[in-house]
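**Student:** In order, the protein sequences belong to chains H and S. For reference, each letter of the first sequence is one residue, going 1 to 85 in our numbering. For reference, each letter of the second sequence is one residue, going 1 to 360 in our numbering.
Since the hints were derived computationally from the structure, they do not count as laboratory data. Note that the Cβ used here is the ideal one computed from N, Cα and C, for glycine as well.
Per the computed footprint, the stretches of chain S lying under chain H, defined by three or more beta-carbons under 8 angstroms from a beta-carbon of chain H, are:
(1) 28-42
(2) 116-125
(3) 194-208
(4) 243-251
(5) 257-267
The calculated lysine-lysine pairs, modelled on DSSO-like cross-linking and capped at a C-alpha distance of 30 angstroms, are:
(6) S:53 x H:67
(7) S:213 x H:67
(8) S:289 x S:161
Listed below are the residues making up each chain.
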Amino acid sequence: MCIAVPARIESLDGQQGVVDVGGGVLLPVNLSLIEEPAVGDYIIVHAGFGIQKMDKARAQEALEMLKALTDMDDDPDSVPSLQEN
Amino acid sequence: MTINLVPYSDAVTAARLAEKIFRAATRPLRLMEVCGTHTTAIFRHGIRSLLPKEIELISGPGCPVCVTSQGDIDAFIALCARPNIISAVFGDMVKVPGSQSSLAAERAKGADIRVVYSPLDAVELAARNPLKDVVFWGVGFETTGPAVAGAVLAAKGRKLKNFSVYCSLKLIPPALNTLFCESNNTINGLLCPGHVSVITGLAVYEPIARRFKLPCVVAGFLPVDILQGILMLVIQAQQGRAMVENAYGRFVGAHGNALARQVLETVFETCDAPWRGLGKVPGSGLCFKGDFSLFDAAGRFGLAPKRGRKPKGCCCAEVLKGQMMPYSCPLYKKVCTPQNPVGPCMVSGEGACAAHFRYS
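With the rest of the complex left out, here is chain S (with noise of 0.2 angstroms):
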């Protein structure tokens, strides 16, 4: 099999898409994107350069540490500090602040705190420290919870006793609708996750597009694919559409990936869950099923989460559901920052606050 991406990061087919939005583009346009690696994408290839000004682009609730609940963070960061514990994590976590401390902090103080790139990752760091127990902290949409589960179904088969996973894995089109019910949406069109989007098929957008009344369109995270997105939506707003297409064929397809699906089945089933900005969204976690359950951190160690505490001035609320700009935040680039991030929209590379101080 051969693959021809030259045209996705070509200047001249950028160029001619970005022509073709400047004449379809007749008024003002909000798009929201809901994807950190679109947010960061559209900075990296200076995507905004090549709009017309009637074109606005958006950061929706997209990246998974951004939306995590303070809850979570804190009662995650209280387990780590236990005796006897190794805490897995992906990179961005480690910096997360919580009310009180982070793992960066804990780490610091003497808690074993191991980023892995993948959950088979902490399987093994399991496989390997028989007498600690390991907990990963899964956090990500639909994309990472297949992968989880992997990890777990992997740990299951090799009998590790001591791993489990703290379950944070949350699911996007419960969390569009929530945020789409708000009645200050403004809002003209979806950017749609691209690999989110790969597990999923194109239908769990159906009823956005149709209850909304909002051009939906799946692109993936090269220039073109995501200039391509664009056009398609000004397209669709433009002709008083509102459906769900498809700008990424050659991974997305209608049914998604069935099979993996099937192993996030296996091991979680829905339940209602916190996202920050949004509350408890109906049916938008992912929670152990049945026997899965003896993999649950939350009950193997009995944690609670409790209402966390939102940093003083932070508004990564407002930031991820779009209602307010990074540089409109009282704390951007005066207190918050990379280096010594407020919130969590500051800390993920994926954050639109990180994404506007990196790149802006």
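Just chain H, with the same shape it has in the complex (with noise of 0.2 angstroms):
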């Protein structure tokens, strides 16, 4: 089952850290599949290891993405575009 909702690091000792997974809930968690984690990082947790850390650049991206697809006109007939990059 994956995660939908992702964990924050909390802790670093090596490979081992510490993750918060919502309301203050601590977990331990391998992170040696992760390039360079950081106390702070947004990760996703799968199976006791994070998998990846948010990237900050694209999350913001995809935000705008999600706002330029929910911009709602006045035309009730309009059909989104939306072409990938």
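Join the two chains, each given in its own frame, into one complex according to the hints.
**Tutor:** Structure (structure tokens):
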């Protein structure tokens, strides 16, 4: 089962870390699969391992793409256009 | 670093996306999700109730428990009953019915079966039980493979001789290729698995999009993630495009997680693997590489999976290929329930049958 919500790295000790998975619940996590993890990074945790950290620039782009997709216009028949980059 | 996930669970944003989907969906479209967590999230968030009748959501072979072959299930159940073995498994595997027994039944008879959250927990079990053999059942896709490889490396580093893995790990793209080669494919778009794609990146879906002229969109698991993915698929289909697009940019990049793949490829190599419903799929499995075969439980204990017997009347094979809806199976809700599952699609929380049962 994949976990939809990312966890925040609270502390680091070599390849081991502790993450806050929400609401202050802390879990140990192995960080050997992530490049340069740092306290404060938001990561996806799967089966006890961090498998990716959030890319801040891409996260911002993604939010802007979502905003563009959900911008409402007056033309009820319009279809949003979206071209990948 | 701050993170703003609020828009991805925001009701107004979801409603706007749903409205856009209503406008864009001008013809019937069958969209397949290939991730058990998407299957569950679609039910849990009531996504179907937000969609026009033109959009049909179909579950594909994205539940790792469901696609595990009967032969692998039988082989592992037989292993767990041997003396001096501690079996370490993900929780979903315990109730999966084998041809003759299940892990739950074997545990009731005295087998030592532990549910673990991480393969690292199994490594720890091996360290604490030096006189026992600890066997971890590796079940999962690209998301889980690096974690299992990481655990094997950890066991090697700790020089643990009593740790091994029965490897049923699988890769999604080869299975999709096999699925869509079947002549009765009627799928118009693919909602690609978010966390598989975290590891693989986007390019693995390009051959599928091209070969089968199938729009592909990678999506996350929050309600807005899924609606956004569906909208992007509908737009592609309406515009006659079949490309790989990304609705999960905050965690999925073009190139995936190279470090995780490097760890995976240190320990495993690809091999042919049996899938429930799809048969043997070339290059879709992970097998131990070189000296790491010392950690292979199949070799260590001489396990040779036989062709397992499909539970009588069970339609899991058709369900996980999207060829049958769970409620069309003659066993659904009559004899097959989460309390008394006949097939794995009713066992796993990510199985299409279990999700239909719980949320419909």
